[in-house]
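Fit chain W to the given chain Z structure using the hints.
Protein chains: 2
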Amino acid sequence: MAQTIDITLTTNKKEKPPENKLGFGIYYTDHMFILDYSVEKGWYDPRIVPYQPITLDPAAKVFHYGQTIFEGLKAYRTKDGRIQLFRPQKNFERLNRSNARLSIPDVDGELALQALQELVRVDQDWIPSAPGTSLYLRPFVIATQAALGVAPSTEYKFMIIMSPVGAYYAEGMNPVKIYVESDHVRAVKGGVGEAKTAGNYAAGLNAQQAASEKGYSQILWLDGVQRKYIEEVGSMNVFFKIDGTVYTPSLNGSILAGITRDSIIHMLKSWDIPVVERPITIEELYEAGANGTLEEAFGTGTAAVISPIGEMNWQDKPLVIRDGSTGELTAKLYDTLTGIQNGDIEDPYGWTVEVKQ
Amino acid sequence: MAQTIDITLTTNKKEKPPENKLGFGIYYTDHMFILDYSVEKGWYDPRIVPYQPITLDPAAKVFHYGQTIFEGLKAYRTKDGRIQLFRPQKNFERLNRSNARLSIPDVDGELALQALQELVRVDQDWIPSAPGTSLYLRPFVIATQAALGVAPSTEYKFMIIMSPVGAYYAEGMNPVKIYVESDHVRAVKGGVGEAKTAGNYAAGLNAQQAASEKGYSQILWLDGVQRKYIEEVGSMNVFFKIDGTVYTPSLNGSILAGITRDSIIHMLKSWDIPVVERPITIEELYEAGANGTLEEAFGTGTAAVISPIGEMNWQDKPLVIRDGSTGELTAKLYDTLTGIQNGDIEDPYGWTVEVKQ
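If you read the protein sequences in the order shown, they are chains Z and W. Heads up, the first sequence is in the working numbering, so the first residue is 1358 and it goes up one at a time. Heads up, the second sequence is in the working numbering, so the first residue is 1358 and it goes up one at a time.
Treat the hints as calculated values from the structure; they're not laboratory data. Check the hints yourself; a few may be wrong.
Given that identical chains are not distinguished, each listed pair holds provided it fits within a single copy or across any two copies.
Pairs of lysine to aspartate or glutamate residues, derived as DMTMM-like cross-links and limited to a Cα-Cα distance of at most 25 Å, are as follows [stated by the list, open to error]: (1) Lys-1398 x Glu-1376; (2) Lys-1378 x Glu-1512; (3) Lys-1373 x Asp-1414; (4) Lys-1626 x Glu-1551; (5) Lys-1534 x Asp-1465; (6) Lys-1546 x Glu-1640; (7) Lys-1534 x Glu-1641; (8) Lys-1585 x Glu-1551; (9) Lys-1585 x Asp-1540.
Isolated chain Z, as found in the complex (with noise of 0.2 Å):
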């Protein structure tokens, strides 16, 4: 059933950036959803308000001990008109397993979408229309409880932020360069590498920046415990075409279950293409590209979408990937997957939701 949602407007809208400048989470809407928490009420007061600044106490658990989740997903504006969002339900789904895995109390799945539609609706002229771009949607729960023993909160904050975006990388759709870190891990079985949890991003930070430094514009984690498993790029989930099937990591408990990742592997069984989950070593992908099987290979999420990887370097050797170009499949999932998601193509597979305006 749905619940009520308090509305407070803004009477001072912001300027909107031009669509060519967006970039990836710089500028923000004009408004912002909030729902709270308390051990004694449960979640209450959702509500949308300008966006603005939020005040918490110093002692607030999230500064300290981590206690964060988070979603990401995109609303879109199709030619004719209509704003989809793509497969929301999945987000929220992920988004209470992440509470359950950081002790977070359930969120109302329900609401949370209502939530999103509404907000989304009130700011509608956000969302913006030229190619490649649109409006990305934040939900993502702080503890708030101001006490320093480590334990979970009993406040909370469900929030919904959106900025307007861009390309997630500079490259836009030509292929990136990954570097495969060897010294630092994001995740180990038994951790919160399954969960969408603040400290998995905190760990990546500077393998990251040091392979910044080096002309990569991404890290492919390996698994914590043998060092030899592919697990996942820092943003991405990852899929190799070797000698015409798709392989990409089975879900172990360290990587993230991607939802641009279930779709692709949704969309090439409906093509008939074979793809396999299984664990992937480093090794064998090396030996595919030795001997000219390793056909293409990209990263999956919502941000980046699809991102075609060009080069990849393990221990200082190159594996250069079709010369550094995108691949066929790869290309036909991207605009199959971006066509869905902005209306230009038909959805076979029921994940578009339409935002009632």
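Relative to the frame of chain Z, chain W by itself:
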């Protein structure tokens, strides 16, 4: 050279809590310290202001990507009315090691120590004097740039807040029961385990909650690779006295380099008690328990100081240590260390730093 710290005193002092009901990290003093950072200015505007909420953009990186670190130390009121800190330089050295691991710029350790002393001086009436109490000091850094791209922040806040505290565990100096975790992992080599950063604590909340429901105060973490080497307890390093020698896990990259841990090792050496830092398996601990050579076990940390371990449970096998009583050496270490810290015992190590009043 001492910098100028701007001081704004509160006009509205809070009522102090009764010293027998302090708990841990529940009450905060009248003032706090703030130092801002931007890429352009570096660290700037050191100031002491009334304790108050802080205002952040909801896109601040600390909420999304966990770029934050902290420290913990204590101020003590001696019987003759002096105020002492315990090895505060060590905390700021570690703070900067944590900063480096989290891609946060270095904080000037001298300025941080000056700020800490000044803040303690301003709020000196908050230092409790009842046995077992102290003023807990919490320096921390949070990433404040409002940007959703995964990259190090361009803006930070370094802050110090303070809380009058009693015993960290409800048990006080009574032995605690520890649950040896077999599923979840706190940290792994190559991760952020040796940094004092939020994500390490978030990762442990689930297991700690489950252990608590089974009647255990804390988790003992095993290594993330082989799941057999003892790492640390949730908020403490661990020591075991076996057949006259004291053992503690060596610093392997995933264990926090505790300052209390370092102090205990130093004290044991100065007492000519053999102390060995090396990898320790949970199996050998249980063997020592079975053959009667496990004489004492205790945890060490700033919050808990020294906490005897009376019972462990690994894979449903309980290991009772000394029939659950506190060991002689554990008690002597506790008495000596807390005596040095609170000024009852003369400090032979040069560890205490007096705060001018």
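Results of checking the hints against the structure:
For a Cα distance limit of 25 Å, the shortest separation of Lys-1398 from Glu-1376 qualifies neither inside one copy, at 42 Å, nor across copies, at 31 Å. Proximity of Lys-1378 and Glu-1512 under a CA criterion of 25 Å is satisfied inter-copy only: 22 Å between copies versus 38 Å inside one chain copy. For the identical chains of this complex, Lys-1373 and Asp-1414 are inter-copy neighbours only, at 18 Å across copies versus 32 Å inside a copy, given an alpha-carbon limit of 25 Å. In this homomeric assembly, Lys-1626 and Glu-1551 come within 25 Å of each other (Cα to Cα) only inside a single copy, at 24 Å, whereas the closest approach across copies is 43 Å.
In this assembly of identical chains, the alpha carbons of Lys-1534 and Asp-1465 never lie at most 25 Å apart, being 40 Å within a copy and 36 Å across copies at closest. Within a single copy, Lys-1546 and Glu-1640 get their C-alpha atoms as close as 21 Å, and across copies as close as 21 Å, so both meet the 25 Å cut-off. Taking the shortest alpha-carbon separations for Lys-1534 and Glu-1641, only the intra-copy value of 19 Å comes in at or below 25 Å, while the best inter-copy value is 46 Å. Taking the closest pair of Cα atoms, Lys-1585 and Glu-1551 come within 25 Å of each other both inside a single copy (19 Å) and across two copies (23 Å).
In the homo-oligomer, the alpha carbons of Lys-1585 and Asp-1540 lie at most 25 Å apart both inside one protomer (12 Å) and across protomers (22 Å), since each shortest distance falls under that limit.
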